[in-house]
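K.L.:
Construct the entire structure; sequences and hints are all you get.
Numbering (our numbering), first residue to last: 46 to 471.
Hints are computed from structural coordinates only; laboratory data are not their basis.
Source: prediction; values computed, not measured.
It is possible that some hints are incorrect.
[Claimed, not checked] Calculated cross-link-like contacts (lysine to any residue; reagent style SDA-like; alpha-carbon spacing at most 20 Å):
hint, residue 1, residue 2
1, Lys109, Arg95
2, Lys139, Gly312
3, Lys146, Glu457
4, Lys363, Glu74
5, Lys326, Lys109
6, Lys147, Glu457
7, Lys63, Glu267
8, Lys282, Lys363
9, Lys326, Val337
10, Lys255, Cys364
11, Lys139, Asn456
12, Lys76, Glu349
13, Lys282, Ala259
14, Lys63, Ile323
15, Lys109, Lys147
16, Lys147, Cys364
[Stated by the list, open to error] Distance ranges between label pairs, derived from CB positions:
hint, residue 1, residue 2, range
17, Ala395, Pro338, 39 to 49 Å
18, Gly122, Glu342, 43 to 53 Å
19, Gly149, Gly335, 47 to 57 Å
20, Ile85, Arg268, 44 to 54 Å
21, Lys326, Arg467, 41 to 51 Å
22, Ala378, Ala136, 35 to 45 Å
23, Gly396, Cys135, 28 to 38 Å
Backbone N, C-alpha and C fix where the C-beta goes; we use that ideal spot for every residue, glycine too.
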Amino acid sequence: MNTTKIVFIGAGSMSFGKHTFRDLFLSPELKGSTLALVDIDAENLDRMQRLAEKMNEATGAGFKIASTANRREVLAGAEFVLCSIALERCALWKMDFEIPKKYGIRQTLGENGGPGGLFFTLRTLPVIMDILRDMEDLCPNAFFLNFSNPENRIILAAGNHSSIRCVGLCHGLTGFVWRIAKIMGIPGSNIDVWAAGLNHFQWLIKIRDKQTGADLYPLLRERSRTYDPAYLAVSRKLMDVFGLFPSPSDDHIGEYLPYGWEGGEEGYDFAEDAQYRIRIKTEIEDINSGRVPVAGEWLTRSSEKAADVIVSILNNRKCLLDSAIVINQGAIANLPDDAAVEVPVMLDYAGIHPVTVGALPLGIENLIRTQIGVQKLAVQAALTGSRELALQALLTDPVVHSITAAEGILNELWEINRPYIRSCGI
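P.N.:
Written out as structure tokens, the structure is:
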């Protein structure tokens, strides 16, 4: 009998929950496992529990499913803890974008970098650290699989201030391959990449044909010269200047660059997000009510990686993931060992092992080191609840070009986020 216990914190997330359920229930190696769903939103939790039960039945996965608002009730004995929490995600994120814009700060998304990235960190990290402390108490040998943003900063804190084994997982590189495939005019399934850097700021060290092993960089550079100049304009210019292509898109990499707005600064599409949530809620309610069967894409695997990590570790199935966020530990030779980076990783029974990729070119190293410094300050501000360190983080961020603007942003967004900002006792 399978005794694996998986705890999913933030299970009320309809989009991520849907993908997670598909992958877990369609993994035969996990048949009969226990899945404990945790969320503080009772309505969303009930909806997703009923969906899990429907999908569990449709797939014959035989999971034992439970749900609770109190994670401590279910963490004991857990082997894997998945986390996809977000605090008032769109409402607060919108202010993270609009208030800096009022002060003349040009962000592209305001989620992982710039002022928005700072305040995402300040309000999210205390909750993450609470989860990790509970894990240290109740399931100290479990793995923490994080999907919450800002990923790089969360893993930076978790990896350096907790004994729990942590990894951040993101599908950014997977989706990015299809973007460069479009430029080259070849199928994305033919492309193999080797990338390293930060989350949402990786650089493609190698681009190869999966069948022949041929280097595809010459083709990418050639086709890029005549392709639509508006498509990934900043990313393509950076390839021309620094020699490597950055992943995953102009808006994501733009969060880390003072000129990132040149690729667009319209921000996240909150209106489309709201419409998407209505659509997916309707889909889930149709399944839960029995109006439509669990069929089609609901019975296919997604591009997320949690199930691959769990199955590989449980079964000592040696597996290479193209990317994951981990503590560097020498994986990128010319970056600090204690930095959080996104690199390929190997999985086996012993856990998650960063792959050594060597040194990045000097120009790219300098871009990344700037962000590592910003992220370390933001993490320290969040761990200590320090307004002074938060201002330092703003003033070292290359997206911020004015002391007056930084002080105005801090005054407004600190008050808005005050209910969430606190010292983590570190």
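K.L.:
Indicate, hint by hint, whether the structure satisfies it.
P.N.:
Here is what the structure says about each hint:
no.: 1; hint: Lys109 x Arg95; in the structure: holds, 13 Å
no.: 2; hint: Lys139 x Gly312; in the structure: holds, 9 Å
no.: 3; hint: Lys146 x Glu457; in the structure: holds, 12 Å
no.: 4; hint: Lys363 x Glu74; in the structure: holds, 15 Å
no.: 5; hint: Lys326 x Lys109; in the structure: violated, 24 Å
no.: 6; hint: Lys147 x Glu457; in the structure: holds, 11 Å
no.: 7; hint: Lys63 x Glu267; in the structure: violated, 40 Å
no.: 8; hint: Lys282 x Lys363; in the structure: violated, 37 Å
no.: 9; hint: Lys326 x Val337; in the structure: holds, 13 Å
no.: 10; hint: Lys255 x Cys364; in the structure: holds, 17 Å
no.: 11; hint: Lys139 x Asn456; in the structure: holds, 17 Å
no.: 12; hint: Lys76 x Glu349; in the structure: holds, 19 Å
no.: 13; hint: Lys282 x Ala259; in the structure: violated, 23 Å
no.: 14; hint: Lys63 x Ile323; in the structure: holds, 14 Å
no.: 15; hint: Lys109 x Lys147; in the structure: violated, 50 Å
no.: 16; hint: Lys147 x Cys364; in the structure: violated, 47 Å
no.: 17; hint: Ala395 x Pro338: 39 to 49 Å; in the structure: holds, 41 Å
no.: 18; hint: Gly122 x Glu342: 43 to 53 Å; in the structure: violated, 33 Å
no.: 19; hint: Gly149 x Gly335: 47 to 57 Å; in the structure: holds, 54 Å
no.: 20; hint: Ile85 x Arg268: 44 to 54 Å; in the structure: holds, 49 Å
no.: 21; hint: Lys326 x Arg467: 41 to 51 Å; in the structure: violated, 32 Å
no.: 22; hint: Ala378 x Ala136: 35 to 45 Å; in the structure: holds, 42 Å
no.: 23; hint: Gly396 x Cys135: 28 to 38 Å; in the structure: holds, 34 Å
When held up to the earlier numbered hints, the structure conflicts with 5, 7, 8, 13, 15, 16, 18 and 21 and fits the remainder.
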